[in-house]
Amino acid sequence: MIRELHKKLISKEITAVQLAEEYFARIENMDKAIHAYLTLTKELAMEQAKKVDAKIAVGEEIGILEGIPGAIKDNICVQGIRTTAASKILDNYVAPYDATVITKLKEAGAVILGKTNLDEFAMGSSTENSAYGPVKNPHDLERVPGGSSGGSAAAVASDEAMWSLGTDTGGSIRQPAAFCGVVGLKPTYGRVSRYGAIAMGSSLDQIGAITKTVEDAAIILSIIAGADRMDSTSAKSGDKDYTKYLTGEVKGLRIGIVKDYFQDLNADVRASLEKVIETYKKLGAEVKEIELPMAKYSLSVYYIIMPCEVSSNLAKFDGIKYGLRINDANDDPNFSAKEDANCLPRTLLETYLDSRRYGLGAEVKRRIMLGTYALSSGYYEAYYLRAQKVRTLIKKDFEKAFQEVDLILTPTTPTPAFKLGEKTDNPLEMYLADIFTVTANIVGVPAISVPCGSVEVEGKKLPLGFQLMGKWFDEENLLRAAHAYEIHPHTN
Amino acid sequence: MFHVSCFMLSKDEIKHIAGLARVGLDEREIKKYQKDMSSILDWVEQLKEVDITGVEPTAHITGSENVAREDGEYDFPGKSEIVALFPDKKDNFDKVKSIL
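So the sequence lines, in the order shown, correspond to chains A and B.
Here this note's numbering is used: position 415 in the first sequence is 400, and no number is missing along the way.
Here this note's numbering is used: position 99 in the second sequence is 311, and no number is missing along the way.
Don't read these hints as lab results, they were simulated from the structure.
Some clues are possibly wrong.
Where chain A lies over chain B, by a calculated footprint (3+ residues, C-beta under 8 Å) [as the list claims (entries may be wrong)]: (1) 247 to 259; (2) 274 to 287; (3) 292 to 298; (4) 301 to 310.
Glycine included, every Cβ here is placed at the ideal spot set by N, Cα and C.
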């Protein structure tokens, strides 16, 4: 898809400016209903598009992503652009620098259309935790697009962007990609620099692409991957052309399936997954049953490690250096003169308490509190340290499995997209939406969600996706296998 | 999948944690978090059934350690933009309430 637009640009069938204008017109039409975007960056996009057109006009060669319009999740900093992380506490925050991925995309000539909606600070699986209102699933407006990168997935699915960036801490790229019927790639932890992405769980977070096709995901990864002096966890030897591994061949590749994952599985999800397995067998891959006995603890490990890291990472949002500050009674949205009469003037401590009270949403506060509790004196060993030890055991499961297989195939989500409001009252229910995706973050391996048909629910066709997980830093085989299925999909 | 929680954080514990986390809460939120956090903590109790004897903790998953670079200085171009973000300022200083 990116390649098709690229060809249109070099054959002068369309100019980069016209292309960007077409996308903005589409956004204008669609986004009142979808709400994928929080901020549009028209000025930046047009300036970028004009540069590309100037190059084409003088016959200069352009790169594959030059002039191709995409969208950026609003927890990734773009210099001079409002960056909210969908939180009221950053409502007026204008990023003073570019994230490393943005620097790389700008150098590659990409056109940035805007910043996409998400669950506040990327905490959620439906975008219903956005302080600016939820995103709707383009396939059924009564359903969630998934989350937290719901805006990025919905933007691509509704043709409001050709590609987008998301972040993935427990499934936040792959789960919305599955719900919206697009491709979502979470690279290996450290493959892509996290500098300039607003941190949630620093040992889990990774930036990746949401696209229409596997080839497009490989194109974006080739641009954003690589070591970065601003992120000491970023890995060397990352930058290469990942598209050259897309041979369509999977002969001899060993794909593992986990029997336990098929028990109690939604019938539609199961049926579609079985067809995917059949397809891989037909294409010559070897499908083997494997065991991951510790993986069932992943979600529990996640709900200790992630809130602990959240409580530390979000301590900086305190109303002091930037963002919302509730200093005095007249800043206070719930100010009641009667209540406040005794405690004027307010103290610095109250500035912290009130800025966070009104600036942060319910789920964010819940996770900060949970992490603070688990790290507090007397509980550290029982929670955080124990979770880190179980994390080691899950990693060992994967090391063992990857001696027998090259890839692991699972559903991306337990069900197709659920309805807005269906899970908002019960945080644990919502957390279960990530049950198949979270393990890849716990062990740090790369994983991709690929569309595999749809199921009709209440008269609407809802997309399904399957997930492949690869070995650490083996995006090559991951993308190769995902692409092979994509060009030889099963028929429903 | 979720049994009725037998573990319950007290209101005072919630207030204490909120204080440590510098999060202001009202009575309604205290009650809600009491219930939510208790059921989440109760649920993660399943990790207690895992034998972790002799297992090393994993903090960093890909195993890189001691990444070093030259301790040099470089210019950050967005200094004035950072100052512009101060919620309240006097000259180039971020103006906050007095600590004492």
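Comparing the hints with the structure gives:
Coverage of the segment 247 to 259 of chain B by chain A holds [criterion: at least 3 residues with CB-CB distance below 8 Å; count 9]. Remark: the segment 274 to 287 of chain B is confirmed as covered by chain A, as 4 of its residues place a Cβ nearer than 8 Å to a Cβ of that chain, reaching the required three. Under the rule that three or more residues need a Cβ within less than 8 Å of chain A, the assignment of the segment 292 to 298 of chain B holds, with 5 such residues. Against chain A, the segment 301 to 310 of chain B contributes 4 residues with a C-beta closer than 8 Å to a partner C-beta. That satisfies the three-residue criterion, and the hint holds.
No hint from the list above goes unmet by this structure.
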